[in-house]
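Visitor: Protein chains in written order, with numbering that gives the first Met the number 0: chain S, 0 to 247; chain Y, 0 to 247.
Treat the hints as calculated values from the structure; they're not laboratory data.
Treat each hint with caution, since some may be false.
Which copy is meant is left open, so a pair is good if it fits within one copy or across any two.
When the alpha-carbon atoms are kept at most 20 Å apart in a straight line, the in silico EDC-like pairs for lysine to aspartate or glutamate are as follows [to be verified]:
id, residue 1, residue 2
1, Lys203, Asp154
2, Lys194, Asp176
3, Lys155, Asp231
4, Lys194, Asp140
5, Lys43, Glu71
6, Lys57, Asp88
7, Lys4, Glu31
8, Lys57, Glu97
9, Lys4, Glu63
10, Lys167, Asp154
11, Lys45, Glu215
12, Lys234, Asp132
13, Lys223, Asp148
14, Lys218, Glu1
15, Lys3, Glu141
16, Lys193, Glu1
17, Lys41, Asp148
18, Lys106, Glu15
19, Lys43, Asp214
20, Lys194, Glu71
21, Lys106, Glu59
22, Lys62, Asp214
23, Lys45, Glu97
2 protein chains.
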Amino acid sequence: MEFKKILEEKSDSSWELYLPHLSVDCVIFGFEGARLKVLLTKMKEKNLWALPGGYVLKTENIKEAANRILQERTGAENIYLQQFRVFSDLNRSEGFFEEFEPTLWNKQRFLSVGFYALVDFSQVSLVVDSISDACVWKAIDELPELMMDHRSIFDKALITVRRQLNHKPIGLNLLPDKFTMPELQRLYEIILAKKLNRGNFFRKILRYDILIKLDESRKGGAHKAPDLYQFDLEKYEMALRNGFNEGW
Amino acid sequence: MEFKKILEEKSDSSWELYLPHLSVDCVIFGFEGARLKVLLTKMKEKNLWALPGGYVLKTENIKEAANRILQERTGAENIYLQQFRVFSDLNRSEGFFEEFEPTLWNKQRFLSVGFYALVDFSQVSLVVDSISDACVWKAIDELPELMMDHRSIFDKALITVRRQLNHKPIGLNLLPDKFTMPELQRLYEIILAKKLNRGNFFRKILRYDILIKLDESRKGGAHKAPDLYQFDLEKYEMALRNGFNEGW
């Protein structure tokens with residue numbers, strides 16, 4: 000079915016189900032192949048990429064809304080997510096629906112609550128919804144042009160993750176259960192957008208005493224197999240409560 | 000005029016002027032007499048304290064709304080303010096207006112965007128609005144019971160200020176133009192909720208090189224007059240961009 004018709008068909012029930020003027024946009028981060036990636040959808044007929052988003056049911060709070068939207072897209076439950084900012088500029092979205100009747104649900108003014116989510120890449124199976132024809136991971140240094148103000152929503156999410164690296168379980172939620180020290184360092188480097196000295200990073204991480212070194216190493220590859228680590232959940236949580244005060 | 004009548008009289012124009020379901024609540028911090036204080040209003044007839052708040056005009060974004068609300072209360076312009084969280088629980092406010100008609104503006108479900116504001120205490124002159132009979136500063140360690148979920152809005156604001164102490168100009172906006180080192184340390188201690196060693200604090204602050212020592216000292220008092228300092232705005236801003244990575 001064409002894009003316009005789908006929106007028009009959904010409009011009446013949207014007015015009934017959702018709070019007006021309020022939307023949720025999700026910046027979903029995943030870490031794969033030593034790259035930080037973000038989940039994007041592509042709108043049918045329009046050659047435009049967008050962050051996955053949705054609306055808030057009259058019977059739920061915004062975190063429940065974000066969880067529901069995430070689950071619909073990724074099939075995953077209990078995803079780590081945090082709201083980080085409301086985007087409320089006039090005409091941030093209305094112009095996109097110029098061709099439609101003024102009564103169309105999507106054409107009203109929307110203020111959008113931005114959430115960021117951190118997912119374990121291996122746990123996700125993507126779902127393409129009825130108004131999209133693609134739902135894919137894109138590396139954050141190779142993002143296509145995004146619709147509306149979604150680029151600034153993404154930028155703000157990344158800055159927030161960077162600032163929260165020292166007091167939220169960012170690493171825990173992006174890495175698989177077992178990981179190597181170079182993988183952990185690479186994740187920190189991408190989020191902080193700077194190279195870190197290997198020896199310093201290693202020493203600081205060990206001083207925080209939040210890792211358990213496992214009695215196994217990564218298989219495959221010609222080089223010496225790197226050691227595998229896990230987070231010590233109890234110690235990690237305690238360290239986050241105090242904050243990693245040293246910086247990187 | 001009585002509380003109920005005032006709300007009923009305002010209701011129709013509120014439905015016309017404002018976005019439904021959306022409010023703004025402001026946690027306004029000031030620093031006076033070595034104490035961190037927050038601005039509270041007292042509702043007419045109800046013996047209930049609240050954070051100053053208001054609604055979002057259909058023609059403004061939420062920052063403009065918060066600025067307008069702050070100016071109405073404090074007379075001050077260009078106040079430093081930051082949104083920090085949306086409070087969206089079901090029934091967070093509706094129950095408060097049980098006795099009223101369902102069409103009353105105030106009785107709908109509201110999601111509230113929390114802003115914190117930092118003001119120079121000496122620049123503010125308080126205004127009591129039509130539904131309040133008091134508007135006063137209260138020390139944060141002696142807050143009265145607050146209505147609805149305003150206590151958790153306040154708690155979250157304080158945690159946010161604490162976390163942002165190293166990358167937002169918190170000190171600059173709370174202190175008067177000229178201040179002593181003990182005043183600066185005291186402000187940091189209150190926000191961080193812990194005692195700091197005087198020598199360490201002094202050394203760290205000087206190492207960041209963000210202060211200008213003035214050629215004058217605080218007059219009055221029997222003891223040796225303490226030196227006065229100002230922030231070096233250019234260096235302070237640069238230091239904030241990098242973040243104070245050492246912690247306190």
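Visitor: So which of those numbered hints doesn't the model satisfy?
Guide: 1, 2, 3, 7, 9, 11, 12, 13, 14, 15, 16, 19, 20, 22
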